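Number of protein chains: 2
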Amino acid sequence: MLGLAINLPAQSPALMPMPSDMKLNGGRYRLDDGFRIAVKADPKDDILYPALTRTYQSLNRRTGLYFHQQRITTADNRSDASFQVTVSKKVEPSVGANESYTLTITESGVSLNAMNTLGALHGLETLQQLLQSDSAGYYFPTVNIQDTPRFPWRGMMVDVARHFLPMDVMLRNIDAMAAVKMNVLHIHLSDDEGFRVESKTYPLLHQKGSNGEYFTQDQIREMIAYARARGIIIYPEFDLPGHCRSWFAGYPELASAPGPYVPGPRFLIDPDDKKPLTIASILASPSPTIDPTKESTYKFLDGLFKEMAALFPAPYFHIGADENNGVAWKNNAAIVAWMEQKKLANTSALQAYFVSRCYAIVKKYGKTMIGWEELNSPDLPKDVIVHKWLADGDGGFLKAHGTPAEIAAKGNKVLMSSSFYLDHFMPAYIHYNNPYLPKEINPNYLGGEAAQWTEVADRYNAELRIWPRAAAIAERLWSPVTVKDVDDMYSRLWRTSRYLDERGLQHLNQYETALRNLSRGANTALVRPVVEVLTPLRGVKKLIAKMTKSSVYSLPSSPNQQVSDILPVESEARYRFRKDVEVYLTTKDPAAEARMRQQLVSWRSASAAYGSAIAGNARLAEVASHATDLGQLSTIGLDALDRLKAGSPYRADDLKTEQALLDKARKNTAGEVELSVIPEIESLLKQKLIPEPKTISMF
Amino acid sequence: MLGLAINLPAQSPALMPMPSDMKLNGGRYRLDDGFRIAVKADPKDDILYPALTRTYQSLNRRTGLYFHQQRITTADNRSDASFQVTVSKKVEPSVGANESYTLTITESGVSLNAMNTLGALHGLETLQQLLQSDSAGYYFPTVNIQDTPRFPWRGMMVDVARHFLPMDVMLRNIDAMAAVKMNVLHIHLSDDEGFRVESKTYPLLHQKGSNGEYFTQDQIREMIAYARARGIIIYPEFDLPGHCRSWFAGYPELASAPGPYVPGPRFLIDPDDKKPLTIASILASPSPTIDPTKESTYKFLDGLFKEMAALFPAPYFHIGADENNGVAWKNNAAIVAWMEQKKLANTSALQAYFVSRCYAIVKKYGKTMIGWEELNSPDLPKDVIVHKWLADGDGGFLKAHGTPAEIAAKGNKVLMSSSFYLDHFMPAYIHYNNPYLPKEINPNYLGGEAAQWTEVADRYNAELRIWPRAAAIAERLWSPVTVKDVDDMYSRLWRTSRYLDERGLQHLNQYETALRNLSRGANTALVRPVVEVLTPLRGVKKLIAKMTKSSVYSLPSSPNQQVSDILPVESEARYRFRKDVEVYLTTKDPAAEARMRQQLVSWRSASAAYGSAIAGNARLAEVASHATDLGQLSTIGLDALDRLKAGSPYRADDLKTEQALLDKARKNTAGEVELSVIPEIESLLKQKLIPEPKTISMF
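Just so you know, the protein sequences line up as chains A and B, in that order. Letter 82 of the first sequence, counting from 1, is numbered 99 in this note's numbering, and no numbers are missing. Letter 192 of the second sequence, counting from 1, is numbered 209 in this note's numbering, and no numbers are missing.
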């Protein structure tokens, strides 16, 4: 590994998201032990003062200096303090507040000014991202920043139902969200696989509806307080009426088909079922669904919504409403008779009826209702927020329910998660270039939410799955529409990843831990060069492969410990190699050539050593064929470099052989992973950089 | 790094602690997707069933298999299940219960039998440690184990006052304690630097007595429940009367000198103080101390003890009582007058009076009082547990207050933490060979506690500081006195470290994260070979160096981010090298020689590259002189190997030069670290293994 490090040149600070206005002035403000904060703010601002203390302690730790302040309080008002903070007004976190701030750093000090608490929190995060070091120590670049977000709603949805995510994962995720200026956490608290919050009103929900893993109400309150302190609101989703298998374990009377039920994947019939499913059979299957015709159903929901509306103070309440195919309803004669009696033409009308009943309850408890886009209908009340998730034209099976423009024109507010699904294993630029996100300004365009579903993710890889890619989505939602340079985004994204590591996020450690575990005590240095250029198959290929093989793979206890589960979705090693290919093909830069050669030789030898490195290790053997491909492709790459340098063209025969090896590698999906550097080797072969694809198939 | 891996031969399972009786039978029980648990137990055992579920899920994750059970319940009783569990009786965690179990693994299945819940928990931990893998997959070795502990009290004390440790660190530590069969967690909740638990009775204790970091009562309850589920009790320590600066911030009337006070190191006078202290001045200083002469003091303590005795259900309550030099009392005329009036001859008598008053309150609330050994006195009630921590004869400044035998003979129970202080940076064998731990059986010898103080530790390195060394202490307290082979212990300790990593402990990740952060984005592979053979200075050298320089270094917010803070206390690379030196000097084994040569060459080149690797990095430069030493010593080592092979003796001149380089390296304490491989290089030079020292100086 020695010598392989590419020390990127000193760069502008890796801010993410980019501020709306920034001017770097070329100087440096140096930190030393005497670094001090002074504040002018509402002395009762119980969000601001702890945030200042945290920021101060974080800078203290990262610099290894010995600052003198212990805890920033109203007594901290020295006019000679290096960092002057002025905040006009104390506010609570909310969507739509003024979030602007001004941050000025000169060679003699730092000043942060904000209209209110929320702007100040953002400014503190920007300041922390500005910390850099050189041989003389730590400094902030001198800069003038005026910053304000593009969208008021910069959210993240986390599914804790399929695989539960415990408190420490949730809290670290909140820290990371705050670091990239996200302000809304949407927790998908219930699904077929689990009901994940304690209900005192209906205790069988969490007791029988989970495998024992759920948030207590105390924990929810702790999480909300933790998020509040970081400028983030938390709202719950209870996914109705079609993702409720777990509810029926304790309350089978809610279901439109008799039980008994146990929590588990939607299409699970028998826990020992290994019969293969098909996509068609899944879509047409009578999955467990709430009975919307009984008044007792609404009485139950009233009791639950009342309890949960009080537990979650945020003004939003998500009822799901997605993916109900109506088959369970059609299979129930009483429901069909009821529909006829009520003159409901079809199950869509019945779903609209159900939604309208939920709406009344949500409203009664003072909340704004949100639902996935399937709840959209002409009669939908205007104060319901429509949460887009479908993406027409990418080969999806389900059709979108109106475009953002159509929904907004109708008078409903729109939240966008289409093409923001992190669990689709897409590279960050796909989310960054999200074609569904409207470019024009419209008060009904609230913003969006990155979404992490957990059929094939759990506490051991959730941070690795969400980060750093969510930072690219955060930037898309915060920064001006003009901030769109993908190369620039990536150069900051990799540094943001290391910054989040420094701040305590466990995404890098999750990879390292899993690699150590998979290596079973062997030296990870032997397998790392191969593994680090593998990436999980894009789209839902892995999910569908697992689902159609057996429902046992997506049980809420099923492990996610294959090589494909532990890999980052994007390979930084591949990114760096690609940059060198690009530079070399453009400029013939000898340093880039040297690095490429070193990398190719390293891959070739790692490929040759892989077999003995994994001897006796069945799980790492799963991707051994990719190691073989990597060796062959490295040889092709080295040969291509020789020919490029010598100006000696390929004979058609050679090209054919080499192209065949590339094609073979491209078809190799062993272990549900792919070798990421195939386009770069092919670029060397073709002496022209192959651009990244604009879209990537989900299937 | 390629090729440097030493693949240790397949070994017996790395059990830690070793069972009291074990017979390996040479076969293998293979796990597959069909692995199932069946239980016969009290259906109301709400500790056992969740523990079975956790064990099952942990095995599921570690094997990457797809087990079919979701959650182990009373319905799981199939007689054909692979793993049969029988537990006679449900019990709550406690000290002194029967903790025995029998674990039998044959080629056809696993059976665990225990008298009660606690034995079953231990058996489940043993089973998890037995998991091994080969090219065919995962297996348990066939074995008969009958196991029971040597001491009933196998504890750990964690100081959360000096630097606060948040919930996730505490919970992971509880998991690791359970993994090595520790059963008591003692939380040092208050000290001069902080009061770390919410008090509803006296809220200024945590509000003014901390930097905002403390456990809420909800969190304490959650922690206790988490520990209970793992067979561990938690009891609190409130360190009185001499470690109470933090209390006085909110309640200065408790102090024997007027305030105002702010939480901070005991000998802090001014937060900006940089005047150097000396050990003598520290020992003679009037540190803040409770006024024991006022009745209002005891009224306050009654209120607090009442609240905390209810919060912590365990039957023990620790009042500290250590390190009170009485100077603050002597400086207060009113206290001196009161002593004269009460005919108390000296401050020791006044301390005994204070202890007796505390005893009455603790007893009133139904608890057994524990105190550090300074509370020992002839009149101490027999139901007080004396907690030994001083170690006579190691150069300590304070004299021990009776030997275990003397205390036990007097009728008091004894807990041992002498020579179990993990924060003394001692290698594991020093704790393992603890000379203070009585070898004979006596019902008054309860056992002991590993202790981690946090003047120079915090959430970012606490796991690295405690583990894996605490596992050696756990073995000392659990396994028979005959289990004492240090080599065997180490061979299991390193594997236990990786096992704890696999179970979720963050000790390895803490090192890796800190190394990445210190490397500031540079390739850690460039600095790792040097850093991984450095170890922190042994004893209290670092603490004293910091304390006597300025109190600012041990503020509760001061960072622990020097190289010396992030290093494991013992170097595994050094251990492996030492093993090779030992083998080679004994047997001239060519494989050992080859590995040593490869290691020495690698060190030499890493040494040569260190300067450029850390260019621009002031913090890694702190240990650059050790890199230079490592290079010179590697050359000496290679030369010694050549001479050993050729049988060519050193000339006296050469030896003198090489010895001088070794001596220079030995004196190098730059960055408060030492190069760990000096004895091994010297062993090669002298052609004879230099044994590990029996004792290591604290100063």
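Rather than coming from a laboratory, the hints here were simulated on the basis of the structure. Every value quoted in this text rests on a predicted model; they were computed, and no experiment measured them. Watch out, some of these pointers could steer you wrong.
Intra- or inter-copy, both count: the list cannot distinguish identical chains.
Said to hold, decoys possible - Quick list of in silico lysine-lysine cross-link-like pairs, BS3-like style, CA-CA up to 25 Å:
1) LYS316 - LYS456
2) LYS225 - LYS61
3) LYS705 - LYS681
4) LYS40 - LYS501
5) LYS673 - LYS684
6) LYS225 - LYS107
7) LYS217 - LYS61
8) LYS662 - LYS323
9) LYS399 - LYS380
10) LYS225 - LYS57
11) LYS416 - LYS681
12) LYS399 - LYS57
Checked hints:
1. When the C-alpha separation of LYS316 and LYS456 is checked against a cutoff of 25 Å, the pair qualifies neither within a copy, at 43 Å, nor between copies, at 67 Å.
2. Proximity of LYS225 and LYS61 under a CA criterion of 25 Å is satisfied inter-copy only: 16 Å between copies versus 43 Å inside one chain copy.
3. Proximity of LYS705 to LYS681 under the C-alpha cut-off of 25 Å is restricted to the intra-copy arrangement: shortest distance 21 Å within a copy versus 57 Å between copies.
4. Only within a single protomer do LYS40 and LYS501 lie at most 25 Å apart by alpha-carbon distance; the minimum there is 18 Å, versus 66 Å between protomers.
5. Taking CA atoms no more than 25 Å apart as the test, LYS673 paired with LYS684 passes inside one copy only; the shortest distance there is 16 Å, against 65 Å between copies.
6. With identical chains, the CA atoms of LYS225 and LYS107 are at most 25 Å apart between copies only, with a shortest distance of 23 Å across copies and 43 Å within one.
7. Taking the shortest alpha-carbon separations for LYS217 and LYS61, only the inter-copy value of 21 Å comes in at or below 25 Å, while the best intra-copy value is 33 Å.
8. For a Cα distance limit of 25 Å, the shortest separation of LYS662 from LYS323 qualifies neither inside one copy, at 72 Å, nor across copies, at 82 Å.
9. For a Cα distance limit of 25 Å, the shortest separation of LYS399 from LYS380 inside one copy, 12 Å, qualifies, whereas the shortest one across copies, 65 Å, does not.
10. Only between protomers do LYS225 and LYS57 lie at most 25 Å apart by alpha-carbon distance; the minimum there is 21 Å, versus 52 Å within a single protomer.
11. In this assembly of identical chains, LYS416 and LYS681 lie within 25 Å of each other by CA distance neither inside one copy nor across copies; the values are 35 Å within and 75 Å between.
12. When the C-alpha separation of LYS399 and LYS57 is checked against a cutoff of 25 Å, the pair qualifies neither within a copy, at 41 Å, nor between copies, at 58 Å.
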